[in-house]
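A.B. asks: In case you want the letters, here they are:
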Amino acid sequence: QKEVEQDPGPLSVPEGAIVSLNCTYSNSAFQYFMWYRQYSRKGPELLMYTYSSGNKEDGRFTSQLNKASQYVSLLIRDSQPSDSATYLCAMSAGTGANSKLTFGKGITLSVRP
Amino acid sequence: DTGVSQDPRHKITKRGQNVTFRCDPISEHNRLYWYRQTLGQGPEFLTYFQNEAQLEKSRLLSDRFSAERPKGSFSTLEIQRTEQGDSAMYLCASSLTGVGNIQYFGAGTRLSVL
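In order, the protein sequences belong to chains A and B. If you're matching positions, the first sequence starts at 1 in the working numbering and goes up one per residue. If you're matching positions, the second sequence starts at 114 in the working numbering and goes up one per residue.
The set of hints was computed from the structure by calculation and includes no laboratory data. Hints should not be assumed to be uniformly reliable.
[As the list claims (entries may be wrong)] Taking lysine-lysine and the DSSO-like style, the derived pairs with C-alpha atoms no more than 27 Å apart in a straight line are: (1) B:K184 x A:K105; (2) A:K105 x B:K124; (3) A:K42 x B:K124; (4) B:K170 x A:K2.
This is chain A alone, in the form it adopts within the complex (with noise of 0.2 Å):
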């Protein structure tokens, strides 16, 4: 089992959609959690940081993450297709020795206009 598992994709769907991405992990010592978006052929560029149970918002993003159950969502809502990339979770043990990231699969998302 892989410390961290990704809802497969891809995922279509239509302009002004609400969207749910979800990783789960098993990794109990995981305290950061992060979302990033990915271009094809770019660099992962971060969307959201958290490290306390609850939800963040940022825009037409929120960030949902529940320590106890270990699962971490992102919501898009009113999705655009400037939305459509790869979007992955990542998390670290620690922000000192343990702080390299974990990645999940990453999910492909298209949104249609």
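Position chain B relative to chain A; hints supplied.
C.D. replies: Positioned in the frame of chain A, the structure of chain B alone reads:
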């Protein structure tokens, strides 16, 4: 702030050749990470530096791979005797301690081994 810069963007080489990639982190970032990403997968950790010290290496980093960060600024990743299985995107990220260690990624170097 020019972001994390990687060079070259794309490298094509023949099996058995040596290749070297360069990463320039965001200025004043004291940590630098290397990851490898194959098609359809998330990035996998290879190694990281704090200043010039290499603090952790993944088991993925075979003895054909070596990384350096000689003056705590830019870093190089060298692969000796490349194999077709080395074909991947090599990503570099940098961060600053004390700011949640948020890692910012470069655009990557895509390696194709023929």
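A.B. asks: State for each hint whether it applies.
C.D. replies: Evaluation of the provided hints:
1. Using a Cα cut-off of 27 Å, the hinted pair K184 (chain B) and K105 (chain A) is violated, with the two alpha carbons roughly 34 Å apart.
2. Proposed proximity of K105 (chain A) and K124 (chain B) is supported: the alpha carbons are some 24 Å apart, at most 27 Å.
3. Straight-line distance between C-alpha atoms of K42 (chain A) and K124 (chain B) comes to about 15 Å, which keeps the hinted pair within the 27 Å bound.
4. In summary, the hint linking K170 (chain B) to K2 (chain A) is supported, as the alpha carbons are separated by about 19 Å, within the 27 Å threshold.
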